[in-house]
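Full structure from sequences and hints, please.
Chains as they are written, first to last, in the numbering used here: chain A, 18 to 418; chain B, 18 to 418.
These are calculated hints, taken from the structure and not from any lab test.
Careful: at least some of the hints might be erroneous.
Copies of the same chain look alike in the list, so a pair counts if it works inside one copy or between any two.
What the hints assert, rightly or not - With a straight-line Cα cutoff of 27 Å, these simulated DSSO-like cross-link-like pairs (lysine-lysine) come out: (1) 242 to 41; (2) 397 to 157; (3) 41 to 397; (4) 331 to 157.
There are 2 protein chains.
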Amino acid sequence: MPVVVDTARFLADLHELRQIGTYKTGVHRPTYSKEDMDSRRWLMTKMAEIGLEPEMDGIGNVIGRHPGPGPHLLVGSHIETQNQAGWLDGALGVVAALALARSGLPVDVAAYVDEEGHFDVGFLGSRSLIGDLTEADLDKARNRTDGTPLRQALRAAGLSGEPRFRLDPTRYKGAYELHIEQGTQLEREGLRAGVVTGIVAIWQFAIRIVGQQDHAGGTTMAERKDAGLAAVRLLAAIDREFPKVCGRRSTWTTGRITLSPGAPSIIPGEANILFQFRDVEMAVLERMEECLVRLVQESNRNERTEAFLEVIDKAIPAVCDPAMMTALEAAAREHAPDAWQFMPSGAGHDSQNLARIMPAAMLFTPSIGGISHHWAEDTKEEDLALCCQILATAAERFLAG
Amino acid sequence: MPVVVDTARFLADLHELRQIGTYKTGVHRPTYSKEDMDSRRWLMTKMAEIGLEPEMDGIGNVIGRHPGPGPHLLVGSHIETQNQAGWLDGALGVVAALALARSGLPVDVAAYVDEEGHFDVGFLGSRSLIGDLTEADLDKARNRTDGTPLRQALRAAGLSGEPRFRLDPTRYKGAYELHIEQGTQLEREGLRAGVVTGIVAIWQFAIRIVGQQDHAGGTTMAERKDAGLAAVRLLAAIDREFPKVCGRRSTWTTGRITLSPGAPSIIPGEANILFQFRDVEMAVLERMEECLVRLVQESNRNERTEAFLEVIDKAIPAVCDPAMMTALEAAAREHAPDAWQFMPSGAGHDSQNLARIMPAAMLFTPSIGGISHHWAEDTKEEDLALCCQILATAAERFLAG
Chain A
18 MPVVVDTARF LADLHELRQI GTYKTGVHRP TYSKEDMDSR RWLMTKMAEI GLEPEMDGIG
78 NVIGRHPGPG PHLLVGSHIE TQNQAGWLDG ALGVVAALAL ARSGLPVDVA AYVDEEGHFD
138 VGFLGSRSLI GDLTEADLDK ARNRTDGTPL RQALRAAGLS GEPRFRLDPT RYKGAYELHI
198 EQGTQLEREG LRAGVVTGIV AIWQFAIRIV GQQDHAGGTT MAERKDAGLA AVRLLAAIDR
258 EFPKVCGRRS TWTTGRITLS PGAPSIIPGE ANILFQFRDV EMAVLERMEE CLVRLVQESN
318 RNERTEAFLE VIDKAIPAVC DPAMMTALEA AAREHAPDAW QFMPSGAGHD SQNLARIMPA
378 AMLFTPSIGG ISHHWAEDTK EEDLALCCQI LATAAERFLA G
Chain B
18 MPVVVDTARF LADLHELRQI GTYKTGVHRP TYSKEDMDSR RWLMTKMAEI GLEPEMDGIG
78 NVIGRHPGPG PHLLVGSHIE TQNQAGWLDG ALGVVAALAL ARSGLPVDVA AYVDEEGHFD
138 VGFLGSRSLI GDLTEADLDK ARNRTDGTPL RQALRAAGLS GEPRFRLDPT RYKGAYELHI
198 EQGTQLEREG LRAGVVTGIV AIWQFAIRIV GQQDHAGGTT MAERKDAGLA AVRLLAAIDR
258 EFPKVCGRRS TWTTGRITLS PGAPSIIPGE ANILFQFRDV EMAVLERMEE CLVRLVQESN
318 RNERTEAFLE VIDKAIPAVC DPAMMTALEA AAREHAPDAW QFMPSGAGHD SQNLARIMPA
378 AMLFTPSIGG ISHHWAEDTK EEDLALCCQI LATAAERFLA G
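This is the structure in structure tokens:
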């Protein structure tokens with residue numbers, strides 16, 4: 018008998034989790050905050066209720082192991098959120114994994130910690146699970162917003178001294194993840210599910226520009242070494258030049274600009290920029306980086322300031338496993354005929370790390386208005402339920418294949 | 018017998034004041050901070066020691082009245098500083114005024130509060146003294162950095178309920194102010210004093226750009242409403258267009274850019290910019306404002322975001338009093354032959370407000386390297402002493418004239 022998900026229970030669980038760290042219609046659960054840790058403990062209780070064996074590791078990953086025989090699937094996502102963000106981003110994939118386990122599938126349920134990158138390492142949990150993070154990496158890591166050292170945050174969360182888990186790839190036939198699209202491609206086409214073909218890599222940079230802090234009246238325009246103005250000119254050049262070297266679905270974003278000291282009558286002596294770009298193709302990523310390096314060099318030839326480019330993170334784009342995609346495709350054809358498509362993921366996900374040690378694939382639900390990383394993020398409940406069922410059917414097919 | 022300043026005492030006073038709120042080789046005395054209030058009380062003690070009658074008013078202005086007969090001169094500057102800024106900016110003019118009073122001149126010594134504009138009104142003290150600030154203005158005023166209401170800051174400083182002073186223009190023949198240049202014009206010409214011909218007006222604006230906060234991966238470049246990118250494009254347009262409409266000595270400065278929420282993977286939903294420009298000519302100021310308004314309109318036609326331009330402050334440029342300038346010129350010829358010049362002030366000063374109710378004029382000392390609003394700001398002690406003597410001689414001449 019084909020697997021059937023208890024979608025009412027699945028939606029009830031999602032709404033229960035939404036109560037932890039409520040912010041307007043969204044939630045606020047930054048990594049290792051009280052709300053985040055509460056949600057991890059909530060998850061462990063749920064796991065135990067359906068017969069899984071829950072454990073939290075020394076970096077905050079929660080895994081509920083299926084006690085029966087294999088082959089097993091690893092299914093999950095993340096449970097912390099961006100600041101004042103949506104109720105589904107991450108939570109959906111974790112609660113869907115619970116639903117699959119509850120339906121009887123041999124699924125280990127996982128919540129990978131800090132997919133949202135509150136700490137400057139990026140993908141703390143999934144990278145730790147595949148053995149890609151050394152203790153020295155953890156020693157250096159800091160919170161991007163307030164600079165808190167990761168070690169201090171772990172201590173405050175009660176995780177100091179606990180061992181970190183390492184995934185055993187021989188235990189798993191593959192890893193599935195359900196996630197919201199965080200864009201409008203599905204919605205615009207009137208579709209209800211997206212089978213992901215690959216995950217973009219995010220390349221993150223910090224650009225620091227050093228000028229000379231001065232009085233905004235006494236210093237003539239010709240004498241100034243205005244770090245803020247140099248930043249504006251560099252970002253305007255990126256805006257002009259990147260469309261010439263990017264790929265069809267590349268994105269690039271300046272998330273933060275900080276001028277120091279940041280007062281109305283002082284010429285900024287320093288500017289700090291957080292910049293990132295994304296693509297699914299390595300060649301395109303490398304072309305964009307080349308362009309960025311060239312523009313920083315040009316700035317240093319043209320301006321009276323000095324710009325420094327620091328690489329924060331350069332991930333590798335991931336391709337989804339063909340057999341796992343085929344299982345998703347068949348399940349989508351069954352439950353949502355003519356209402357699904359293949360598509361790349363413009364956002365980074367833990368699955369890109371899992372894909373380095375086992376087969377991995379992802380399914381997307383639509384996002385209303387494409388809104389994401391904002392408390393107004395939402396998805397129709399019938400689409401959530403449909404996609405959870407597609408994922409379960411695909412998991413069953415793939416395990417049987 | 019011509020007036021002679023005790024310059025050793027004058028320099029000793031300056032160094033004593035430097036001890037209050039020391040930061041590296043500069044000082045940190047933001048308006049109404051403990052350090053700022055300590056410096057005001059220090060000043061009142063000094064005033065009393067030389068026979069002046071010191072009083073502090075309900076907004077923090079300190080005035081030490083000369084007890085003898087008139088005509089009097091009002092001499093002073095400000096005593097609070099920008100954050101982590103220089104030891105002379107403001108303090109020099111206040112301590113020089115003390116030196117003039119000590120030398121026997123009929124001088125009222127003044128420290129006008131918040132010339133540095135920590136609060137979003139600008140020139141709180143001198144504007145209050147000339148009757149240009151209503152109680153309603155004070156009700157609305159907030160600290161530019163942390164948003165503290167002015168009323169709350171006044172309460173914390175123990176000033177609530179005290180009356181605000183109003184200057185009686187019939188008491189004064191004029192107002193003099195000694196200040197550092199905050200630029201490199203004197204230094205580059207090898208000069209030691211500058212007789213100021215006029216003071217620029219500062220026009221301050223807040224630009225708010227509203228877009229749509231979104232995930233930096235899921236949202237394609239074509240779909241984005243990126244408030245940060247719109248800000249960069251607008252500031253790049255200002256950089257391009259302002260040189261076409263500005264005057265010979267105009268300056269324009271973006272002191273702060275804030276992107277919200279300011280995270281690496283989120284497209285900024287809002288950008289806030291502090292922008293200002295300065296000139297000594299009303300016609301030039303109006304031309305620059307016209308240009309700014311046009312560029313904001315262009316942004317709103319070209320971008321998918323909406324920009325709002327808010328006027329924070331539009332001061333009126335001031336011309337220095339001819340008779341007071343002539344007295345300064347004669348004193349400079351006497352004490353610094355061939356080592357002085359006439360020059361406009363690129364920075365705003367309290368004297369521009371005093372000039373609205375009485376004759377006013379200013380003298381500049383050089384600034385080493387032109388550095389200002391930074392703790393490294395400095396001036397040679399022999400130039401400080403020389404300019405204090407020039408000011409005293411000019412004051413004596415003007416009073417006699």
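Hint-by-hint comparison with the structure:
1. For the homomeric pair residue 242 and residue 41, the shortest alpha-carbon distance between copies (22 Å) is at most 27 Å, but the shortest distance inside one copy (44 Å) is not.
2. Proximity of residue 397 and residue 157 under a CA criterion of 27 Å is satisfied in neither setting, with 41 Å inside one chain copy and 44 Å between copies.
3. Within a single copy, residue 41 and residue 397 get their C-alpha atoms as close as 18 Å, which meets the 27 Å cut-off; across copies the closest is 59 Å, which misses it.
4. When the C-alpha separation of residue 331 and residue 157 is checked against a cutoff of 27 Å, the pair qualifies only within one copy, where the shortest distance is 17 Å, while the shortest distance between copies is 48 Å.
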